[in-house]
Amino acid sequence: MAEVLVFVDHVDGAVRKPTLELLTLARRIGDPVAVVLGGGAGVAAGVLAEHGAVRVLAADAPEFAEFLVVPKVDALQAAVEVVSPVAVLLPSSAENKEIAARLAVRIGSGIITDATDLEAGEEGVVATQSAFAASFTTKSRVSRGAAVVTVKPNSAPVEAAPAAGVVEELVVVFSALARGTKVLSRTPRESTGRPELTEAAIVVSGGRGVNGADNFRVIEALADSLGAAVGASRAAVDAGWYPHTNQVGQTGKSVSPQLYIASGISGAIQHRAGMQTSKTIVAINKDAEAPIFDLVDYGVVGDLFNVVPQLTDEVTARKN
Amino acid sequence: MSLRIVVCVKYVPDATGDRHFADDLTLDREDVDGLLSELDEYAVEQALQIADEADDAEVTVLTVGPEDAKDALRKALSMGADKAVHVEDDDLHGTDAVGTSLVLARAVEKTGYDLVISGMASTDGAMGVVPALLAERLGVAQVTLLSEVAVEGGVVTGRRDGDTASERVEASLPAVVSVTDQSGEARYPSFKGIMAAKKKPVVSLDLGDLGLDAGEVGLGGAWTVVDSAVQRPARTAGTIVKDEGEGGKRLAEFLAGQKFI
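Listed in order, the protein sequences are those of chains A and B. Mapped onto numbering that gives the first Met the number 0, the consecutive letters of the first sequence carry residue numbers 0 to 319. Mapped onto numbering that gives the first Met the number 0, the consecutive letters of the second sequence carry residue numbers 0 to 260.
No wet-lab data here; the hints were simulated from the structure. For glycine and all other residues, C-beta sits at the position ideal for the given N, C-alpha and C. A couple of the hints might just be wrong.
Here are a few chain B residues that face chain A, going by a calculated C-beta distance under 10 Å [stated by the list, open to error]: (1) 95; (2) 127; (3) 130; (4) 136; (5) 146; (6) 166; (7) 179; (8) 228; (9) 230; (10) 238; (11) 255.
Let's have the full structure, built from the sequences with the hints guiding it.
Here it is as structure tokens:
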């Protein structure tokens, strides 16, 4: 059976959920071969094997952490040469899209980003994508080379499918440009204890109507009662009420959770571009004319400072 | 020695318009107005700031697109860019991201550069891959997704805010830089700037000028194929209730019914 490379997103061997989702999709196309860069491959190998990786190619070198993007491209290129895969899959993230791009040019392959589904087609891998703020759904494929595809989180269920997962060392010879962009320092984000925004099953977002940084506590309390991630509209971020890393929308994160709750968000096209593919959409807004209500499965026209705390109390009561 | 900055910008359909696909599954440009991609305005702004800080610098704005794409160049010139390069050729219709990076690379090389700057992504295709593709094509460092950027002594430094960490990064020129919408508000063109822009040179190049064949670009030369594009069905109208004191409780009932609680 054809082999499919899966680029593993992990922190010291702890594999992030979108990679496990990717293994589910990879199995539709062929035998998944996981590529783990940096430390912790031994730890990662166990969970990768449980989810279908027939082989785990591992490379560790300081270059992966000390320089931007290119060392990882060099490693994936080496993996492509070892495996001759029909496809190379990466979880969609800003950095992974850049890695995918450079790899595609190097190996002479077309590239598809932010796929929401993958299937094996007669002429190769077929990827589903959303276009124009999710108002269109397209099906595309790569017409040249192995398909290089990045896939959005929450695009497939995580399914166990035990396979051998034999760990093999991947030999990487770094290119002339590998040390081109040096990482001078790295400040990890403080953990909030909440799920990561793009991976979360439930996202609770606040917008202009939240009207102040302190008021975001109301949004956070609802998120915590539901075990959700917190998002913010661009208006709230630009006003300095919430960090840019939590921004949902065209210039922030694109999310596709099971449930999206928008509070005090009018629903400008730029925001809709980042959340319109959410499975169930709920909105709370004072303005009955707000465009967000065109998208909702359930909407409450009202003051979020009354509705949200009441909902939080009700969720907490029902859970206890 | 003069610092040569090339800003790559894109002419995109207005996102607030009714965007859709043409019969050949490329963007239909007929029914919707175009403009300079908002995310590229940040790139123009940073280029102008870097040029201001440098002893001697020249900012060239570059786009690949149809005749109307000159509007995007005019906007950038009126903000303060010195000159413009427009790559225009009928055979470019349907060029994908990989093909676009090839055209941009040739045009950038022909123009001459020390630094290439672009926005983090286009506001239409939104792939966010062209800066990385371009760096690979040019064989130079990429210093991308910066929320702060500075150039001094032939070195570009910046701050890159990722999902899990914020990084300080640096590279020697030549390099490809991309900036985010957090890099600083883009200036509005002044009346003086708009008038001055009319006199600034716009160089037009076609594929022949760049030594490219039609087969390397366009729909035929694309390395990806769109097989279908279907408009998402309008969402079925949801339940909308007015809060009369019980809005939160009723919403909780809905969420419980959907098994979210």
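Here's how the hints hold up against the structure:
{"no.": "1", "hint": "95", "result": "holds, 7 Å"}
{"no.": "2", "hint": "127", "result": "holds, 5 Å"}
{"no.": "3", "hint": "130", "result": "holds, 8 Å"}
{"no.": "4", "hint": "136", "result": "holds, 6 Å"}
{"no.": "5", "hint": "146", "result": "holds, 8 Å"}
{"no.": "6", "hint": "166", "result": "holds, 5 Å"}
{"no.": "7", "hint": "179", "result": "holds, 7 Å"}
{"no.": "8", "hint": "228", "result": "holds, 5 Å"}
{"no.": "9", "hint": "230", "result": "holds, 6 Å"}
{"no.": "10", "hint": "238", "result": "holds, 5 Å"}
{"no.": "11", "hint": "255", "result": "holds, 6 Å"}
In this structure, none of the earlier numbered hints is contradicted; all agree with it.
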